[in-house]
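S.K.: Residues per chain are reported as follows:
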Amino acid sequence: MTVDLTYSIAVVLIVAAVTFLTRAAPFALQNRAGMRNGWVTYLGKTLPPAIMAMLVVYGLKNTGILRYPNGIPELIALTVVAVLHVWKKNALISILSGTAVYMILVQRVFTGG
Amino acid sequence: MANALKKAFPVTVPVLLGYLFVGMAFGMLLQERGYSFIWAFFISLTVYAGSMQFVMLSFLSYYTGLYNIALMTLAVNFRHVFYGISMLEKFKGSGRKKLYMIFSLTDETYSLLCSGSVPPGVDPHLYRFCVAMLNQIYWITGSVVGALAGAVISFNTQGIDFAMTALFATIFIDQWQSYPTHAPALIGLSAALLSLFVLGPDSFVIPALLVIVCVLLIFRERIGPAFETREERGKERDG
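In the order they appear, the protein sequences are chains S and B. Be aware that the first sequence starts at 0, since it is given in numbering that gives the first Met the number 0, and climbs by one per residue. Be aware that the second sequence starts at 0, since it is given in numbering that gives the first Met the number 0, and climbs by one per residue.
Hints were generated in silico from the structure; no laboratory data involved. Errors might be hidden in some of the hints.
[Stated by the list, open to error] Below, in silico cross-link-like pairs of lysine to any residue (SDA-like), each with a Cα-Cα straight-line distance of 25 Å or less:
#	chain 1	residue 1	chain 2	residue 2
1	B	Lys96	S	Phe26
2	B	Lys96	S	Val11
3	B	Lys91	S	Val39
4	S	Lys87	B	Thr180
5	B	Lys89	S	Gly37
6	S	Lys60	B	Leu192
7	S	Lys88	B	His181
8	B	Lys89	S	Leu28
9	B	Lys96	B	Phe8
10	B	Lys97	B	Val121
11	B	Lys96	S	Ala27
12	B	Lys89	S	Phe19
13	B	Lys6	B	Val121
14	B	Lys91	S	Gly37
15	S	Lys87	B	Phe20
16	B	Lys97	S	Ala23
17	B	Lys97	B	Val10
18	S	Lys60	B	Leu209
19	B	Lys6	B	Lys91
20	B	Lys89	B	Gly120
21	B	Lys97	B	Phe8
22	B	Lys91	S	Phe19
23	S	Lys60	B	Pro206
24	S	Lys60	B	Glu31
25	S	Lys87	B	Gln174
26	B	Lys6	B	Tyr99
27	B	Lys89	S	Ala24
28	S	Lys87	B	Val12
29	S	Lys88	B	Pro9
30	S	Lys60	B	Leu73
31	B	Lys91	B	Asp106
For reference, chain B alone in the conformation it holds in the complex (with noise of 0.2 Å):
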């Protein structure tokens, strides 16, 4: 374990940092809303997934149908059923570690875990735990000690929750970069602009997400050749 643990901590310190400032965000905004670091160690530990701790601010400040919360969780988190898909061989034979690596698979665990190779010289289902684990490691700690110095020191925090608009904005511009096609992201944009101007900022949401998937859907002849095109091109390339 602990040669596991020191062949995975230098590949985690991107996560890190990053996990350690906006855990520390999340912790303060949590704060702000009346739920001390014992919320943001629970929140961290059960639901542990970045941008939808974030959204889920808003369903803590105001009531909102669990229905709702449900059907917005299943929206923004749907991305991980693909991290999943990509990670069903390497998940396989890790026993009893299986059920947290499942848990564990954040956009940023998925990208360490899809980019690094294993170091030589350790069990590769160990080495992916460590990783995981430091990972989540770092978010819990991130968001107890945000929410305990929100709760100690008092300055103006006015502002600080564009942090989450921060962090939504740099992931869009990575997709927006490394997307073959502009369609869905634009078809996004629209959507959630109109839905939000007609039907105002409070019942936007689930529409705007409706309208997301039926375009899609409907455009799939012609936004899904892009996604093929690319990777056969990767194929011939690797090949």
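Next comes chain S alone, as it looks inside the complex (with noise of 0.2 Å):
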């Protein structure tokens, strides 16, 4: 695809501008009152896993479970990525090994449909 130059730009400049916000903010406003106790504290605390789970459902939005391969190369993968990461408590490898398992299923495996 073509890159356009100024939207690219303006996607880095906006996401790396709240990454560095999201940042500072705590030095910013260290003095006022609600930083350390409050719905911000909460939301902190309980907000991490539930964006995690966001997340992996966003990793995985554009599976089709009524199409084939009826989404079992991920299932397959990420049950590798889970038992690994129980077991071996290694970010690295669950993230090597269930890529790689992925990669073979879906270029090796399930290649028709």
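Hints in hand, dock the two standalone chains.
M.R.: Pasting the structure below:
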């Protein structure tokens, strides 16, 4: 695909700026009330696993359950990632193996449809 | 500086491995979407946020409203606000390094700065600065090498983007195991799935995020105490 320079630069700048904003906010607001307690702290503790669950779904959003291969490669690869991660507790091993299994499945095994 | 680097390097080795590999995956995916290693370099230099850079790939592939991009970035990186809170004291008095320390506070750097005690005989601010800088160098190197390799070597990359899902899944499992309650994770999962089935893959994210925040706030009375009891127990144990 061709790269739209203006749009792409805008994307990078916005993502960079908002990311920095989230990191700098506590240093800028450190003396305001409500930072250490209250709903901000509550969301800070509870949002991360909720967002991460949403991102897992986001990564799988284009998986067609109703058409071949019915999400089976995704299911197998995710199982590999989960089992290895619970067992070895090493993110690198889990990600590498899961991705390798997934690539083999979609390139060599589930090639019909 | 040399001494601080020497002391910081061993601590960063796990991040070195992770960042090189995940950075390479990012670089390859970026290259696949028509963006050269120069883009990989500047994105990893200026954005420098692991999972967000993967989410960003879809913004670079399909036109997305800039407002939606800002909102999505805010949601995905909202957790960083709380990394900052626990670093307020540690970064105090770090002078000119402070701005970089704040900018470079990724999940991995945060975890190293949180857990790692400063080795003796080295300025703690300089040591932390070296940890943060080494990590970003790994990340930039990984993403540039990935983009270059993707351009030079032609192999079948079909399915390589599963690395992103796998990364999210491992973080999800870590959080699942370390959290006192699974309610937030289950709320996130159900809101995302529901929103995906109702609205489809192209527009489910923002509604899902809004539902997640609302449901979390509605059940604050029920979910909140799980965290407090745990902290109190921790205090009793430490004391």
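S.K.: Check whether the Cα positions of lysine 89 of chain B and alanine 24 of chain S lie no farther apart than 25 Å.
M.R.: This hinted pair holds, its Cα atoms lying about 16 Å apart.
S.K.: Sort out whether phenylalanine 8 of chain B lies within 25 Å of lysine 96 of chain B, counting only the CA atoms.
M.R.: 18 Å, holds
S.K.: For a C-alpha distance cap of 25 Å, please report whether lysine 91 of chain B and aspartate 106 of chain B respect it.
M.R.: 20 Å, holds
S.K.: Is lysine 97 of chain B within 25 Å of phenylalanine 8 of chain B, Cα to Cα?
M.R.: This hinted pair holds, its Cα atoms lying about 20 Å apart.
S.K.: For the pair supplied as a hint, lysine 91 of chain B and phenylalanine 19 of chain S, is the alpha-carbon distance within the 25 Å limit?
M.R.: 18 Å, holds
S.K.: Can the restraint linking lysine 6 of chain B and valine 121 of chain B be considered satisfied, given a maximum Cα separation of 25 Å?
M.R.: OK: lysine 6 of chain B and valine 121 of chain B at ~8 Å, within 25 Å.
S.K.: Holds or violated: are the alpha carbons of lysine 97 of chain B and valine 121 of chain B at most 25 Å from each other?
M.R.: 17 Å, holds
S.K.: Does the alpha-carbon distance linking lysine 87 of chain S and phenylalanine 20 of chain B stay inside the 25 Å limit?
M.R.: Measuring from Cα to Cα gives roughly 18 Å; hence the hint holds.
S.K.: For the pair supplied as a hint, lysine 89 of chain B and phenylalanine 19 of chain S, confirm whether the alpha-carbon distance does not exceed 25 Å.
M.R.: Given pair lysine 89 of chain B, phenylalanine 19 of chain S holds - Cα atoms ~18 Å apart, limit 25 Å.
S.K.: Tell me if the straight-line CA distance from lysine 91 of chain B to glycine 37 of chain S falls inside 25 Å.
M.R.: Within the cut-off at roughly 24 Å; holds.
S.K.: Compare the distance between the alpha carbons of lysine 6 of chain B and tyrosine 99 of chain B with 25 Å, and conclude whether the hinted pair is satisfied.
M.R.: 19 Å, holds
S.K.: Regarding the pair lysine 87 of chain S and threonine 180 of chain B, is the alpha-carbon distance no greater than 25 Å?
M.R.: It holds: about 23 Å lies between the C-alpha atoms, which stays within 25 Å.
This entry satisfies every hint, going by the numbered hints stated previously.
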